[in-house]
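Novice: Protein chains in written order, with the numbering used here: chain Y, 1 to 102; chain D, 1 to 92.
Hints in this document: simulated from the structure, not taken from any laboratory.
Computed cross-link-like contacts, DSBU-like style, restricted to lysine-lysine with a CA-CA straight-line distance of at most 35 Å: (1) K31/Y x K78/Y; (2) K14/Y x K14/D; (3) K59/D x K31/Y.
Residues from chain Y shown here face chain D by an in silico Cβ test under 8 Å; the list is partial: (4) Q47; (5) P82; (6) M83.
Glycine is no exception: its CB is placed at the ideal position from the N, C-alpha and C atoms.
Residue-level listing of the chains:
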Amino acid sequence: MADDTENVAVMTVKEPWDLIRLSLDERIYVKMRNERELRGKLHAYDQHLNMVLGDAEETITTVEIDEETYEEVYRTTKRTIPMLFVRGDGVILVSPPVRVSI
Amino acid sequence: MSDAALFIGTPQEKFFYHNTLLCVVNSLQGKNVTVDLRNDTYVCGLIELVDGFMNISFKNAIYCDPQGNEFAFDNLFIHGRNIRYVHIPEND
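If we strip away everything but chain Y, and leave its shape as in the complex, we get (with noise of 0.2 Å):
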């Protein structure tokens, strides 16, 4: 192939800890407890999941049983927060927003 010759930096990703270390400085999305679910800009991690993100979006899903209808409505709160550090025993995953296919 032509690009062999390419000198690409390669990571090799070895534990789950590495994947998180691939979102530092990028948009993720993490899904935490109570319904909770927030988008930014990674800008720190630990090993307890404790995060530092930047212009970060918290969704807050609720879901009301109309009393009449009895069906289920689901709402949604968001706020945005310029800088946030969200402590880690909140955090069930930490995802890409977007698949980018590498």
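Keeping the supplied structure of chain Y fixed, place chain D upon it in accordance with the hints.
Specialist: Okay, now just chain D, sitting in the frame of chain Y:
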């Protein structure tokens, strides 16, 4: 070592204090921040001290619940486990 006077607790606490992102919250000592708690309440106040377990003691704190009630305290101690978010103020 000046650190010896700070920690009456375990070496684990000292490890957390120095080796986790806790140092970010620690750097906010003396600053007015908002801390969201796990029970959907929030505290606005001056961070006085942070320890290795992220317990925070506030000065001149206002504790607000989702119903909109606000309570003012000269000193307030929040257990680290109850913290959900810490809003980091933007410094110009």
